[in-house]
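Single-letter residue listing:
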Amino acid sequence: ETAVFQTPNYHVTQVGNEVSFNCKQTLGHDTMYWYKQDSKKLLKIMFSYNNKQLIVNETVPRRFSPQSSDKAHLNLRIKSVEPEDSAVYLCASSLFSAETLYFGSGTRLTVL
Amino acid sequence: GDKVKQSPSALSLQEGTNSALRCNFSIAATTVQWFLQNPRGSLINLFYLVPGTKENGRLKSTFNSKESYSTLHIRDAQLEDSGTYFCAAEAPGKLTFGDGTVLTVKP
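As they're listed, the protein sequences go chains A and B.
What the first sequence shows, in our numbering, is residues 1 to 112, in sequence order.
What the second sequence shows, in our numbering, is residues 1 to 107, in sequence order.
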């Protein structure tokens with residue numbers, strides 16, 4: 001049963017372009033996240049966000065920014081993509097922080 | 001990562017056999033989650049644990065906070081159990097993932 005929806009599934013773009021990925025959750029959760037999964041399948045938190053606080057992983061380059069219109073949506077914008085941004089980007093949500101995580105199916109980004 | 005160490009890194013099982021995956025922590029974990037990433041890439045939550053044991057069908061997981069480890073036992077492995085298993089440990093304010101165990105179940 002899918003309750004965290006990500007679009008697009010795949011995106012191929014060129015260095016320097018801007019991209020934006022969408023995420024929506026229908027679970028009524030308060031906290032949403034973006035994770036990056038690299039080619040070795042390592043999962044790294046990028047952002048966590050609830051309606052009160054944005055927490056940024058300090059290793060995330062500034063060209064990445066989360067955008068939220070309400071607690072059910074958390075989009076990810078990359079201002080000027082670079083080759084090392086090629087990865088799978090996974091959105092997740094939880095009722096509160098430190099609760100069970102529910103993941104979307106991911107967006108695979110390829111930067112040429 | 002180093003703070004959450006999973007073992008083994010890869011495992012091959014015959015269908016119908018049992019096995020255990022392990023997660024060791026070098027952080028003071030308060031909760032643990034286990035996930036299965038299937039071949040299509042979806043991450044499915046298997047367990048959310050406070051210290052103790054939970055069971056769901058052929059899966060059983062234990063979290064021992066005093067000795068800083070968690071285990072995931074798979075009984076009667078099936079082909080659909082193949083994928084990458086991740087554990088993730090919560091220390092206050094941060095969830096840290098292990099590097100995963102790649103499980104292949106063979107007929």
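Careful: at least some of the hints might be erroneous.
Said to hold, decoys possible - Cross-link-like lysine-lysine pairs, in silico, DSS-like; alpha carbons within 27 Å at most:
1) K5/B with K60/B
2) K60/B with K41/A
3) K71/A with K40/A
4) K79/A with K5/B
5) K106/B with K79/A
6) K5/B with K66/B
7) K3/B with K71/A
8) K36/A with K66/B
As the list claims (entries may be wrong) - Covered stretches of chain A, going by a simulated chain B footprint (3 or more residues, C-beta under 8 Å):
9) 14-28
10) 67-81
Hints in this document: simulated from the structure, not taken from any laboratory.
Backbone N, C-alpha and C fix where the C-beta goes; we use that ideal spot for every residue, glycine too.
A quick look at each hint next to the structure:
no.	hint	in the structure
1	K5/B with K60/B	holds, 19 Å
2	K60/B with K41/A	holds, 24 Å
3	K71/A with K40/A	violated, 31 Å
4	K79/A with K5/B	violated, 34 Å
5	K106/B with K79/A	violated, 44 Å
6	K5/B with K66/B	holds, 16 Å
7	K3/B with K71/A	violated, 31 Å
8	K36/A with K66/B	violated, 31 Å
9	14-28	violated (count 0)
10	67-81	violated (count 0)
Violated hints, listed in ascending order, are 3, 4, 5, 7, 8, 9 and 10; each of the other numbered hints is respected by the structure.
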